[in-house]
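Here is what each chain is made of, one letter per residue.
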Amino acid sequence: MTKTITLAQGNGGEENNDLIKKVFYKAFKNEILERSEDAAVIGNLAMTTDSFTVSPLFFAGADIGKLAVCGTCNDLAMMGAKPKYLTCSVIIEEGFEVESLERIVESMRAELAINGAVVVSGDTKVVPKGSVDKIFINTTGLGEIVQAGISSNNVSEEDVILINRDIGCHGATIFAAREGIEMSSTLRSDCNSLYPQVKALLDAGVEITAMRDATRGGVAAVLNEWARQSDVCIEVDEEKLPISDEVKGICEMLGFEATALANEGTFVLAIKKGSAAKALEILKSFEVCAMASVVGEVTQKYPKKVILKSPWGTSRFLETPNGELLPRIC
Amino acid sequence: MSSLQLKDLYDGFRDPDVIKGYQKVIATDAQKLSRTINIMEVCGGHTHTIMKYGILQLLPENIKFVHGPGCPVCIMPKERIDHAYVLSQQPNVILVTLGDMIKVPGSNGSLQDARSKGSDVRFVYSPLDCLKIAKENPDKTVIFFAIGFETTTPMTAALLDTVIKEDIPNILLHLNHVTVPEPMRALISDEACIIDAFLGPSHVSVISGSKIYEEFPRDWGKPVVVSGFEPVDVMQSISMIVKQFIENRCELEVEYHRAVSREGNLKAQAMVDKYFQKVDFRWRGLGDIPQSGLGLRAEYDKYNAEKIYDAVLPKEEIDDHKLCICGDILKGKASPPQCSIFGTACKPTSPVGSCMVSSEGACSAYYKYGNLI
Ligand code: SF4
Ligand code: SF4
Chain B
1 MTKTITLAQG
11 NGGEENNDLI
21 KKVFYKAFKN
31 EILERSEDAA
41 VIGNLAMTTD
51 SFTVSPLFFA
61 GADIGKLAVC
71 GTCNDLAMMG
81 AKPKYLTCSV
91 IIEEGFEVES
101 LERIVESMRA
111 ELAINGAVVV
121 SGDTKVVPKG
131 SVDKIFINTT
141 GLGEIVQAGI
151 SSNNVSEEDV
161 ILINRDIGCH
171 GATIFAAREG
181 IEMSSTLRSD
191 CNSLYPQVKA
201 LLDAGVEITA
211 MRDATRGGVA
221 AVLNEWARQS
231 DVCIEVDEEK
241 LPISDEVKGI
251 CEMLGFEATA
261 LANEGTFVLA
271 IKKGSAAKAL
281 EILKSFEVCA
291 MASVVGEVTQ
301 KYPKKVILKS
311 PWGTSRFLET
321 PNGELLPRIC
Chain D
1 MSSLQLKDLY
11 DGFRDPDVIK
21 GYQKVIATDA
31 QKLSRTINIM
41 EVCGGHTHTI
51 MKYGILQLLP
61 ENIKFVHGPG
71 CPVCIMPKER
81 IDHAYVLSQQ
91 PNVILVTLGD
101 MIKVPGSNGS
111 LQDARSKGSD
121 VRFVYSPLDC
131 LKIAKENPDK
141 TVIFFAIGFE
151 TTTPMTAALL
161 DTVIKEDIPN
171 ILLHLNHVTV
181 PEPMRALISD
191 EACIIDAFLG
201 PSHVSVISGS
211 KIYEEFPRDW
221 GKPVVVSGFE
231 PVDVMQSISM
241 IVKQFIENRC
251 ELEVEYHRAV
261 SREGNLKAQA
271 MVDKYFQKVD
281 FRWRGLGDIP
291 QSGLGLRAEY
301 DKYNAEKIYD
311 AVLPKEEIDD
321 HKLCICGDIL
331 KGKASPPQCS
341 IFGTACKPTS
351 PVGSCMVSSE
361 GACSAYYKYG
371 NLI
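Quick note, the sequences are listed as chains B and D, same order. Residue 235 in UniProt numbering sits at position 235 of the first sequence, and the numbers go up by one each step. Residue 194 in UniProt numbering sits at position 194 of the second sequence, and the numbers go up by one each step.
Rather than coming from a laboratory, the hints here were simulated on the basis of the structure. Heads up, some of the hints might be wrong.
Claimed, not checked - In silico BS3-like cross-links for lysine-lysine, where the CA-CA straight-line distance does not exceed 27 Å:
{"hint": "1", "chain 1": "B", "residue 1": "K301", "chain 2": "D", "residue 2": "K52"}
{"hint": "2", "chain 1": "D", "residue 1": "K243", "chain 2": "D", "residue 2": "K211"}
{"hint": "3", "chain 1": "B", "residue 1": "K129", "chain 2": "D", "residue 2": "K140"}
{"hint": "4", "chain 1": "B", "residue 1": "K22", "chain 2": "D", "residue 2": "K117"}
{"hint": "5", "chain 1": "B", "residue 1": "K304", "chain 2": "D", "residue 2": "K368"}
{"hint": "6", "chain 1": "B", "residue 1": "K125", "chain 2": "B", "residue 2": "K84"}
{"hint": "7", "chain 1": "B", "residue 1": "K240", "chain 2": "D", "residue 2": "K368"}
{"hint": "8", "chain 1": "D", "residue 1": "K267", "chain 2": "D", "residue 2": "K302"}
{"hint": "9", "chain 1": "D", "residue 1": "K315", "chain 2": "D", "residue 2": "K302"}
{"hint": "10", "chain 1": "B", "residue 1": "K3", "chain 2": "D", "residue 2": "K322"}
{"hint": "11", "chain 1": "D", "residue 1": "K117", "chain 2": "B", "residue 2": "K134"}
{"hint": "12", "chain 1": "B", "residue 1": "K305", "chain 2": "D", "residue 2": "K243"}
Kindly produce the complete structure, drawing on both the sequences and the hints.
In structure tokens:
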């Protein structure tokens with residue numbers, strides 16, 4: 001590891017994992033933490049925390065407030081838990097406009113309502129100009145587990161891999177906003193609360209093995225984590241990966257891969273083969289999930305690896321993104 | 001820019017049926033070859049395409065690839081990176097460069113390390129983005145660490161053109177532009193050279209024209225096909241090269257008709273000539289290659305960061321790590337897995353040599369995509 005912290009160590013990819021393992025896991029070592037799930041399971045409760053530092057604060061499809069609620073509620077939803085109680089802690093840079101703060105908090109309120117969750121505790125700090133970049137928000141969430149046993153450690157050959165919608169919209173949007181790239185106006189962050197989709201799947205009795213929202217590090221990071229944690233090989237058909245033309249365009253222009261771009265309302269599912277058709281039908285009943293797709297299967301071909309198969313019969317490993325792929329986006 | 005136009009750039013050039021079609025044609029034609037042919041893709045962009053799209057998996061045994069020197073990031077010798085590092089540490093300086101350059105290790109570390117220690121280092125997608133940074137920071141000096149082949153050079157010249165015309169007081173250039181034909185010549189002059197044909201990068205020829213490669217078939221007996229970067233382009237170009245061999249031809253051909261002419265973009269060439277002149281350049285791994293770089297003409301010394309900061313810039317030439325065989329890889333004499341520290345001490349997250357640093361680098365491409373084959 002480097003002597004000083006670099007941006008690459010916050011990328012949700014390889015260096016990030018390395019930092020977490022070598023510094024935090026080493027010090028905090030315990031059984032719950034080491035399961036490395038989206039949220040910790042404590043009895044029938046799920047608990048998670050996340051800090052949000054996006055720039056710009058307002059972007060097509062969402063803002064930092066919506067992000068701060070969705071991010072934490074989604075981590076709970078991914079463990080089959082209903083989001084219930086949140087804390088909200090903000091660090092504000094001196095000079096920040098009150099009007100912007102009000103807009104952000106209003107977004108948080110609206111998104112909490114969608115989840116049926118409430119903020120029950122909070123904290124506010126104001127720091128001198130230059131100490132933080134405008135505003136940082138931390139949210140911690142507590143949820144009630146509706147469906148126990150969902151875990152990214154249990155993916156097996158009986159499962160297929162699904163994605164609920166087109167990938168990479170959040171990363172591409174933030175990038176376009178940052179770099180001042182004018183893309184067609186339909187490119188928007190996918191930032192969205194996932195509990196409604198999860199609830200619909202659970203209510204219909206879809207047999208879910210694992211779920212994970214593909215935030216920093218994108219779909220590539222999630223699939224690699226699953227392959228590693230469950231000791232399986234995940235084989236993905238490149239053709240079936242849902243990617244919008246706008247995101248493809250940004251990727252072409254800047255040399256990125258959509259599988260490495262961050263998402264805020266996109267999740268990967270491992271579900272029992274027999275449930276796949278039903279799951280697709282339910283997901284597609286949500287407007288934003290029109291491109292939901294079964295993208296691959298689980299095998300033992302190369303355990304702990306993800307394989308990407310091209311439509312012309314070649315294949316390669318899809319690695320966990322590394323390096324400072326994008327400027328920090330969340 | 002509308003997304004539809006962007007889509008047109010690649011749609012169709014990844015068509016599975018077309019790719020499989022070329023695979024068949026190449027397989028049939030290759031049976032008529034009397035020996036193995038080694039094709040060098042000059043440019044790292046092609047290396048990337050070949051690895052990412054699994055092109056090697058589609059080729060018969062007797063067609064091999066030799067990975068060439070074509071990545072402006074990886075050919076940058078350490079002392080030049082040290083220049084960037086030192087410049088970034090000067091008071092009131094914002095050091096600006098292009099993407100991957102930030103990750104390349106110099107002898108004190110990379111620009112990324114400099115940034116984590118407090119230097120203001122930024123990357124841009126276009127040199128012209130420096131104008132905005134300079135305007136927003138009137139009390140700072142913006143130094144553009146310019147890198148790249150013929151493709152990016154005109155944009156650097158355009159930046160200087162604007163700086164002069166608009167009399168912008170706080171932008172300086174540190175020039176590290178290099179050109180493609182000189183290293184190609186250096187490689188085939190080497191007695192141990194195994195290269196039979198070249199895949200020429202289309203983007204270079206969009207600017208410089210296909211004419212820059214005319215000497216290779218004519219004087220050196222090496223066919224060149226100027227190729228685009230999509231998998232269909234590369235497959236078609238390979239097929240064109242194989243056809244030349246079975247038909248006993250040795251020519252310069254252009255696969256990438258979409259944008260390449262013989263003369264290239266004359267306006268861009270004139271702009272480059274106005275401000276820059278040919279200079280000797282030391283290539284990482286390849287050593288000194290005469291007249292293979294571009295420097296600022298003397299009349300523009302007042303924009304030359306290398307002159308202005310001369311007193312603080314390190315002068316010593318620094319070679320790569322002893323175990324690193326980047327040099328042989330760049331020359332086509334070795335392939336990345338032959339390096340003893342490939343994938344162990346040297347990985348994209350902890351690169352020892354430059355071929356691992358740039359995402360276009362041969363070692364990085366092998367590490368990322370190449371381990372299935
Ligand atoms: S693996 Fe690393 S050290 Fe070896 S040749 Fe490649 S870049 Fe150099
Ligand atoms: S990394 Fe090295 S070998 Fe690869 S393209 Fe760049 S210069 Fe060439």
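Hints not upheld, ascending by number:
12
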